[in-house]
Structures are given as structure tokens and as C-alpha cells.
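Sequences and hints are given; from them, build the entire structure.
Residue-level listing of the chains:
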Amino acid sequence: MTTNSLAFRLFATAVAWTLLALPIAGAIIYSLYAQEVGTSFDRRINLLLTVVLNDTIDHGDQVPGEPKDVGEPLFEVTHSGWYWQIRPLDGRPGPTLGSRSLAGLSIPLPSEHNVEPNEREVRWANLDGPLEQRLRVAESIYVFGEGKMAQRYSVAVGGTLGEVETSLRNFRTRLTLALSLAGVGLLALTLFQVRFGLFPLAKVEKGLAAVRSGEATKLDIGLPQEIEPLQQELNALLKSNQDIVERARTHVGNLAHALKTPLAVIVNEARDDQSPLARKVAEQAQIMGEQVNLYLDRARMAARIGVIGRVTEVRPVSDSIIRALERIYRDKHLTFSTDCPPGARFQGERQDLEEMLGNLLDNASKWARSRVVLAATALAQGGNGSGRWLEIRVDDDGPGLTAEQMADPIIRGRRLDETKPGSGLGHSIVADLAHSYSGKLELARSEHGGLSARLTLPLAT
Amino acid sequence: MRVLVVEDDRDLNRQLVSALTDAGYAVDSAFDGEEGYFLGETEPYDVVILDTGLPKMDGISVLEQWRRAERKMPVIILTARDRWSDKVTGMDAGADDYVAKPFHMEELLARIRAQVRRASGHAKSDLECGPLRLDTKTARVTLNGQPVKLTSHEYRLLAYLMHHNERVVSRTELVEHLYEQDFDRDSNTIEVFIGRLRKKIPPDMIKTIRGLGYRLSREVDDN
Numbered sequence: 115m116t117t118n119s120l121a122f123r124l125f126a127t128a129v130a131w132t133l134l135a136l137p138i139a140g141a142i143i144y145s146l147y148a149q150e151v152g153t154s155f156d157r158r159i160n161l162l163l164t165v166v167l168n169d170t171i172d173h174g175d176q177v178p179g180e181p182k183d184v185g186e187p188l189f190e191v192t193h194s195g196w197y198w199q200i201r202p203l204d205g206r207p208g209p210t211l212g213s214r215s216l217a218g219l220s221i222p223l224p225s226e227h228n229v230e231p232n233e234r235e236v237r238w239a240n241l242d243g244p245l246e247q248r249l250r251v252a253e254s255i256y257v258f259g260e261g262k263m264a265q266r267y268s269v270a271v272g273g274t275l276g277e278v279e280t281s282l283r284n285f286r287t288r289l290t291l292a293l294s295l296a297g298v299g300l301l302a303l304t305l306f307q308v309r310f311g312l313f314p315l316a317k318v319e320k321g322l323a324a325v326r327s328g329e330a331t332k333l334d335i336g337l338p339q340e341i342e343p344l345q346q347e348l349n350a351l352l353k354s355n356q357d358i359v360e361r362a363r364t365h366v367g368n369l370a371h372a373l374k375t376p377l378a379v380i381v382n383e384a385r386d387d388q389s390p391l392a393r394k395v396a397e398q399a400q401i402m403g404e405q406v407n408l409y410l411d412r413a414r415m416a417a418r419i420g421v422i423g424r425v426t427e428v429r430p431v432s433d434s435i436i437r438a439l440e441r442i443y444r445d446k447h448l449t450f451s452t453d454c455p456p457g458a459r460f461q462g463e464r465q466d467l468e469e470m471l472g473n474l475l476d477n478a479s480k481w482a483r484s485r486v487v488l489a490a491t492a493l494a495q496g497g498n499g500s501g502r503w504l505e506i507r508v509d510d511d512g513p514g515l516t517a518e519q520m521a522d523p524i525i526r527g528r529r530l531d532e533t534k535p536g537s538g539l540g541h542s543i544v545a546d547l548a549h550s551y552s553g554k555l556e557l558a559r560s561e562h563g564g565l566s567a568r569l570t571l572p573l574a575t
Numbered sequence: 100m101r102v103l104v105v106e107d108d109r110d111l112n113r114q115l116v117s118a119l120t121d122a123g124y125a126v127d128s129a130f131d132g133e134e135g136y137f138l139g140e141t142e143p144y145d146v147v148i149l150d151t152g153l154p155k156m157d158g159i160s161v162l163e164q165w166r167r168a169e170r171k172m173p174v175i176i177l178t179a180r181d182r183w184s185d186k187v188t189g190m191d192a193g194a195d196d197y198v199a200k201p202f203h204m205e206e207l208l209a210r211i212r213a214q215v216r217r218a219s220g221h222a223k224s225d226l227e228c229g230p231l232r233l234d235t236k237t238a239r240v241t242l243n244g245q246p247v248k249l250t251s252h253e254y255r256l257l258a259y260l261m262h263h264n265e266r267v268v269s270r271t272e273l274v275e276h277l278y279e280q281d282f283d284r285d286s287n288t289i290e291v292f293i294g295r296l297r298k299k300i301p302p303d304m305i306k307t308i309r310g311l312g313y314r315l316s317r318e319v320d321d322n
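Each protein sequence line maps, in turn, to chains W and L. So the first sequence is numbered by the working numbering: it starts at 115 and just counts up by one. So the second sequence is numbered by the working numbering: it starts at 100 and just counts up by one.
Keep in mind the hints are simulated off the structure, nothing from the lab. All residues carry an ideal CB built from backbone N, CA and C; glycine is no exception. One or more hints might be untrue.
[Unchecked claim] In silico DSSO-like pairs for lysine-lysine, Cα to Cα no more than 30 angstroms straight-line:
hint	chain 1	residue 1	chain 2	residue 2
1	L	Lys223	L	Lys155
2	L	Lys236	W	Lys394
3	W	Lys446	L	Lys298
4	W	Lys446	L	Lys171
5	W	Lys353	W	Lys317
6	W	Lys446	L	Lys236
[What the hints assert, rightly or not] Residues of chain L placed beyond 12 angstroms of chain W at every Cβ, according to the derived structure:
hint	residue
7	Arg113
8	Thr178
9	Ala179
10	Asp181
11	Gly193
12	Asp196
13	His221
14	Leu242
15	Val274
16	Asp281
17	Leu311
[What the hints assert, rightly or not] Residues from chain L shown here face chain W by an in silico Cβ test under 7 angstroms; the list is partial:
hint	residue
18	Gln114
19	Ser184
20	Val187
21	Arg266
Structure, rendered in C-alpha cells:
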């Protein structure tokens, strides 16, 4: 997953959101829980305070009595952290009572720390108790006796905050663990969601690659409703591209027909007349004919540029051309042999391969004494770049060419031999076409004695 | 030899007819596919020059229909569409050769001669029959190495007989292959030219096979 990708963008956004949301959620949950634990703790202390106060009032209304039935076993355990205490205030004498858990010690009082009572006349404070225990203390002030005998007493209950803190600490640990697991789970789910969500785009990519390599002529993959229009538009684009090329080809063909017939008339008419004017007309018409061929070839090549994804099997093309040549050269009784493996496929237009093989095989047939050999092989390297290449060799057993001649035929307009009919542009057309596919045409001496034309073209995989 | 030219361009058609007539062929011409198809279907041509881009019926369809109807005369496609895909289509439809426009008339004539020769089973452009020799390239006839002067009609007749030597050729066949469609078939022109030829070559070489026709033979017998 690269940083400049849809998957990364979606995933990074999800990660950022998760990293932000989970701690905030954790803080809120912890806060609510702490609030609930604190309230519950206070309710318990308040209940115990009420029990202690009622119990002590039940045992005497002049002076506080010893509470007998508080119902909290921890009041009986020494330094348990849970204490009650009844003490006279204002420095006046009176009985001081306390739970057994105090074991002679005392707990600090909120009233002594100037804590104001709440609406139920109970003072609440967190104070340091015996043995440095941090206590939550609730204190209520009750007046025993009447008249001059009236005496204010502090009735207080304290509970250790250590219990609350331990509970909160445990909760925090479990909450952190749970949220972390949830975070990891969410990220994994996000990753799956991104992959699953973007899978159709990967299918589009594969489909387009298949079109480009020529394995398919259009996109035909099941896509979700949202991007189905994309497939339709791409197919329309491919179709439009093919239509434009076909139209261009048709126009080029029509132009060829429209120009060449009048040229044939002019050339023939001029040849029948021996005047200087007629000779000049014949000469210029000949040049016009060659120029028409040159620019028609260029127009054909230009029409092909931008055509996506065509693959042409070599064997059917070579077979059809050889079938035609066997008829054209049947007087020569030539033997044509083809060695072309089934996987030999040219990455390009059928018409272009026909043009290249047609010219090479035609030239070989003109010159061959008895045999023409076509062999196609896949190469690891070749042409003008990387990738896989296809070499097609067309050999004959004719007289061949000298080293000097071999360099020449590829020059446009040069005839291989004036005595053989034809446009004489065969090899240059082949070289131009091969070059337009980043391929090349090379001429060498054939092991059969004649010319060996070696055509290197992109191999379709 | 009788040739059919199917070409819709009137100027080119006229040029072809003129050049072929000058070269000693009897030429019929058609300007559209339907007319061309009809002539090829009904007349015995030795060669057909067929354009592909024709009005009413395209040349390839014309050719395919002829072949389906077992018409086996050699057909040379003459077209501006010179891509190999077009050539393969033409050859697959049953053409025997392919000439791209613009073309040299001499090249076309050479191709026509080759087709005529091939159709009659001759490999070389020089035809021989006993002391007689005919060079199809130069249209020259020699007898024991000495030139024989012939008029164009005499040449046409002798050339046809030499292409089919040792075979009985009927008078009708000669008329059909040596004269255009509008020739008066009841005239005795053939007999007149046979008579003239017999005066210029050994008379026994052209035998009259009663009720059947004529045979050019290198062997002289008593029949």
C-alpha cells in the first residue's frame, strides 16, 4: 500500500479516527464509572452514618449510647479502614465512642476542617485517617440533651478510599485492554473494508491490462452499481477508438482508390505518346504514384498509433499469405515451409503483420529457386527496448544480396531489382512498420543460400 | 485469345481494351459488376481483368460467384487496394494474380500471357510445335528459324492453335476465343484464315478433323 493510494487514504483516515475516538470514549467511560463508584461509595457511607446515628439515639437522648447493631463487620476489624466515631464538640466533656476498628485512634472530622454541610446537614471530606489511610468521611452533628444540658456531638463514619482507588485502577486496566483490543479489531476490519471496497477497482485494473495486452477487446467484469457506468464509458471509449481507426482506414483506402486509377490512366496515356511532354507527364505521374504510396503508408501507420490491445497469431496470417503466393508463383513450383509454434503471437494489428509478412514472403518468392522458409521464435531480448520479442525469419534459396546491397533496400524508393515487377518499396515498408512497433528488420545471408530477412516484433504474452 | 476487361473507369477501360487489342487479343469490356458477371458467366474467356471497386456488384463478389458456378478462367485482379489483406482476400476468392494500380501496361500484358500459357499447360513463353516456334513475348513466329509474316488475325488463330496443339479445336471454340462478343458467328472467316495459314506453314500441320474441327500437330500423317 503506497502513500499515494486510495487504500492508504481510507486506511489512514480510519486509523486517525480510531486513535482519536477510542481514548476519548475511554476517558468518558472511565469518568462515568468513577462517578458511579464514588456515588455508590458515598451512599454506603451515608447509610452507615444513618444507622450509627439512629442506633446511638435509640440508646439515650441525653448522651449518645453505644451503637449495637451497625451491620458492618469491617467496623469490628482493627484498622480495617472502616470506622465510626461519636465525639462531643465545642471542647465540652462527654462520652467519646468509636468502632473497634479504630483501636483507640480517632478519625479526622470535616467540621474541624471547616467543611460546610450539605442540604441534609452532612459534611463530606476526604481526609487522612489513622495509619495514613486516606478516608472518605461523612459527619453529622447531633444535639443530645435539652436546655443547659444540650451538648453537640459529632457522629462520623469513614471508609477507606483505597478500596475505591483499587476498583478504579482495575477498571482502568481492563478498560484500556478492552479498548486496545477494540482498536486493533477496528483497524483490521477497516483494512478488510478498504480492500473489499476497492476490490472492484483492482478488477477494473486487471480488465484494462487484459484489453491493453489484447487478451480482451472490452471490459466485461461484474462491477458494483456505483462504478458500472465507468465500465460502460470505458467500453464506449474503446469502441470509439476502434471506430475512428476503422474510419481512417476506410478513408485511406478510398483515397488510394480515388487517386491510383486516374494515375494509371495518365501513365498509360502518356506512354502511348512519344512526345517530350508525354514523357515528362509519365515521369511525374510515376513520382506521384510513389508519393501516394509513401503517404498512404504513413497515414495507415498514423491511424494505427493509439490503437489499444491487438494481438495477432502469426500462423494464420503466414498461412493465408503463403496460400496466395502459391497461386501467384505456381509456375515456379516453390516449396514453402513454416516453423511457427502455437504461442507465436504478435502484439499488434493483423493488417500490419500481413503487410510485413506479405512483402517479405513475396520478395523471397520472387527470388527463390525452389524454397521459401518462414520460422518464428520467441526471444528474451530484441527490438529497441525491453520486454519479450518475436523473431520472424523469412529465408530463400535465391541469389541473395551482396553486403553493400543489404544496407540499401531499406532506403525508401530503392528497388531491390528493376527487372522484377512490383512497387519496389517492399522492404522499406516492412522496416517502417517494424520500427513503428519499436521492432526492426535486418537482412543477412541465409543458410539456404539466398536472403534471410529477420523481423523483430513485440511478442504478445 | 479472348479477354474480358471489367473496369468502371471509362478511360482506363478504353486504354486496356486498346492495349490488349494491339497485343492481339479479342477484348470484351464491362463497366460494372453485374455486366461483368454476366459476360464471364456466359462467354468462354481465356483471361479476365477484374477491378474490385465496381458499381452494382463488387469485384470480389463477382469472382466468388464465377468460382461457385465452376467458371475456371484465369482472373487477374486489377485494383488500387494493394494491401496484403486485400491481396489475400482476392486470392482466396479465386483470383490467379493481382496487379496494383498504377501499373505498367507491359507488366499487365506479361501477366496475361503467363496466365494464358499456364491455363493451356505451357511452362515457357516460347511455344513449339515441330518446326514452328511462337514467342508470346514478342508475338513472332518462326518456321525452321525463319520468320513467318502473319496478319494479326492469322497470328491470333495460330497462337490459339499452338497453345492447344495436339488437341482438336472446334470451329465454335475458335470463334468464341478469337473474336469479340458481337462477331458474326455464321461467317466463314475461320475457314478463310485456316486456308491462309496453310499457305504460310506446312499445310499438313493443320488438320481438318471432319465434323469436329481442327488440330495443329507436329506429326504429319496421311489422314
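Taking the hints in turn, this is what the structure says about them:
| no. | hint | result |
| --- | --- | --- |
| 1 | Lys223/L with Lys155/L | violated (38 angstroms) |
| 2 | Lys236/L with Lys394/W | holds (27 angstroms) |
| 3 | Lys446/W with Lys298/L | violated (38 angstroms) |
| 4 | Lys446/W with Lys171/L | holds (21 angstroms) |
| 5 | Lys353/W with Lys317/W | holds (20 angstroms) |
| 6 | Lys446/W with Lys236/L | holds (18 angstroms) |
| 7 | Arg113 | violated (9 angstroms) |
| 8 | Thr178 | violated (8 angstroms) |
| 9 | Ala179 | violated (4 angstroms) |
| 10 | Asp181 | violated (7 angstroms) |
| 11 | Gly193 | violated (9 angstroms) |
| 12 | Asp196 | violated (6 angstroms) |
| 13 | His221 | violated (10 angstroms) |
| 14 | Leu242 | holds (27 angstroms) |
| 15 | Val274 | holds (29 angstroms) |
| 16 | Asp281 | holds (25 angstroms) |
| 17 | Leu311 | holds (31 angstroms) |
| 18 | Gln114 | holds (5 angstroms) |
| 19 | Ser184 | holds (5 angstroms) |
| 20 | Val187 | holds (5 angstroms) |
| 21 | Arg266 | violated (21 angstroms) |
Hint check: violations occur at hints 1, 3, 7, 8, 9, 10, 11, 12, 13, 21; the rest are consistent with the structure.
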